[in-house]
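Colleague: Knowing the structure of chain A, use the given hints to seat chain B on it.
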Amino acid sequence: MDATIATKSSEQTWGGGNNKPLGASYGKMMMWFFILSDALTFSGFLGAYGLMRFKFIDSWPIADEVFTHFPFMHGVHAPMYYVALMTFILIFSSVTMVLAVDAGHQLKKGKVTFYMFLTIIGGIIFLGSQAWEWKNFINGSYGALQLNDGKIIQFVDASGHQVALESFAKSSHSERTQHTKSKGLWFVEEAALPAYSVNEVIAGFEAHPEITIRTEKLNTETKTKTIVPREQAMSYLNEAKAVVVGANLKVNEYGNTLFADFFFFITGFHGFHVLSGVVINIIIFFNVIIGTYEKRKSYEMVEKVGLYWHFVDLVWVFVFTFFYLV
Amino acid sequence: MAAHAQEHTSHTKLIWKVFIILSVITIVEVILGIIKPDSLHLTTILGTSPLNIIFLVLTLVKAYYITWFFMHMADETKSLRRSVVWTAVFLVIYLATLLLIEGSYLNDVLGPLVKWNY
Numbered sequence: 001m002d003a004t005i006a007t008k009s010s011e012q013t014w015g016g017g018n019n020k021p022l023g024a025s026y027g028k029m030m031m032w033f034f035i036l037s038d039a040l041t042f043s044g045f046l047g048a049y050g051l052m053r054f055k056f057i058d059s060w061p062i063a064d065e066v067f068t069h070f071p072f073m074h075g076v077h078a079p080m081y082y083v084a085l086m087t088f089i090l091i092f093s094s095v096t097m098v099l100a101v102d103a104g105h106q107l108k109k110g111k112v113t114f115y116m117f118l119t120i121i122g123g124i125i126f127l128g129s130q131a132w133e134w135k136n137f138i139n140g141s142y143g144a145l146q147l148n149d150g151k152i153i154q155f156v157d158a159s160g161h162q163v164a165l166e167s168f169a170k171s172s173h174s175e176r177t178q179h180t181k182s183k184g185l186w187f188v189e190e191a192a193l194p195a196y197s198v199n200e201v202i203a204g205f206e207a208h209p210e211i212t213i214r215t216e217k218l219n220t221e222t223k224t225k226t227i228v229p230r231e232q233a234m235s236y237l238n239e240a241k242a243v244v245v246g247a248n249l250k251v252n253e254y255g256n257t258l259f260a261d262f263f264f265f266i267t268g269f270h271g272f273h274v275l276s277g278v279v280i281n282i283i284i285f286f287n288v289i290i291g292t293y294e295k296r297k298s299y300e301m302v303e304k305v306g307l308y309w310h311f312v313d314l315v316w317v318f319v320f321t322f323f324y325l326v
Numbered sequence: 001m002a003a004h005a006q007e008h009t010s011h012t013k014l015i016w017k018v019f020i021i022l023s024v025i026t027i028v029e030v031i032l033g034i035i036k037p038d039s040l041h042l043t044t045i046l047g048t049s050p051l052n053i054i055f056l057v058l059t060l061v062k063a064y065y066i067t068w069f070f071m072h073m074a075d076e077t078k079s080l081r082r083s084v085v086w087t088a089v090f091l092v093i094y095l096a097t098l099l100l101i102e103g104s105y106l107n108d109v110l111g112p113l114v115k116w117n118y
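First to last, the sequence lines map onto chains A and B.
First residue of the first sequence? That's 1 in the numbering used here, and the numbers climb one at a time after it.
First residue of the second sequence? That's 1 in the numbering used here, and the numbers climb one at a time after it.
Pulled out of the complex, with its shape left as it was, chain A reads as follows (with noise of 0.2 Å):
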């Protein structure tokens, strides 16, 4: 039995008293318990995407053609790369922060403040990098048509790829223009208008023999989307109600808005997680630099919040096979 229960002391009342329960200190043990409460919560939102995803199981969008973007490769189909990359920049600041924890044993307070350093370094850039993904997605990278019933319609050229919306919608002079309180009902507002409005990209469809369009509907062989051919087109775009271009939480051009409303609130909600972590490390850190742990002679502190940081780490390893690999 290597488990006791706390007695009073009246000493250590905030260590929670002489005896230490299941052997650990007070602040570690309760930290590993808000650990464990975190991940159920995460277990929570993650279990909530997996239903919506076997709800939709088969015209849910495929990730990698939703995150293909490289910074400085414009242009590039490159599925999965940032997201790795981003991935090893988490584990690489997990590496330094246990690193750290490790001299703190050895009471080495200048190795101790290096490697907190780079770990904070590894995190601001990390949510960077978030930053990053969320302005490629939120922007979208193709644009597409909504049909009246939500679908989304995608444009496709001969081989089967995606062509966006600029390269072949016709530009024609419309009077409309975006409605604001100044212009008329102050009670009324309206969104940004989109660069071209439905009749522009059919008309461009129209123009250009060589597009086609696709539909959300996977095919369960390939698991690809289904391509419609050209001929039946035009019944499909007849029901288009807007075009879209990016993604929000009310609609999303790459398919299913339940995906961007997951993707939102499950990396922000992870991204929000990285930010205090950033924030408590840094507190540590500069605890580390004035010596409050070389006066204690312990760096427990440093250990608590590794922890945490280490707890990010393991959320983001299954956020990236959920939403990226799956």
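Don't take each hint at face value.
A short, non-exhaustive set of chain B residues, derived as facing chain A with CB atoms under 8 Å [claimed, not checked]: (1) Thr43; (2) Leu95; (3) Gly111.
Result set (DSS-like, lysine-lysine): computed pairs, CA atoms no more than 27 Å apart in a straight line [claimed, not checked]: (4) Lys13(B) <-> Lys108(A); (5) Lys297(A) <-> Lys115(B); (6) Lys115(B) <-> Lys241(A); (7) Lys111(A) <-> Lys13(B).
Derived from the structure by calculation, the hints contain no laboratory data.
Glycine residues also receive a C-beta, built at the ideal position from the N, C-alpha and C atoms.
Modeller: Just chain B now, kept in the frame of chain A:
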């Protein structure tokens, strides 16, 4: 386990070893994710493709290495380890099983009602 031995000795070697293992697993995942060999991607085993099973297993291996060696779970007492790990594993499997079964059911019921031709 070696809870008190770590006070003086350094674990740097072990840390870099774990880093290399995690990196190799990630590289394998990324390569498989880019190539997606048809034999693994388009075939079915246990209700999904073998590729998905591979990804899931590799993810769990990564989670094990992070928890055991980066978070030093290996050095904690058996009772702490079990109260954290078993609780999480049991509840996550329970939740995931129910939600995924229900998701498939929703697809079975609602899928045929969705119109794809106009």
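Colleague: Which numbered hints does this structure break?
Modeller: Structure breaks hints 1 and 5.
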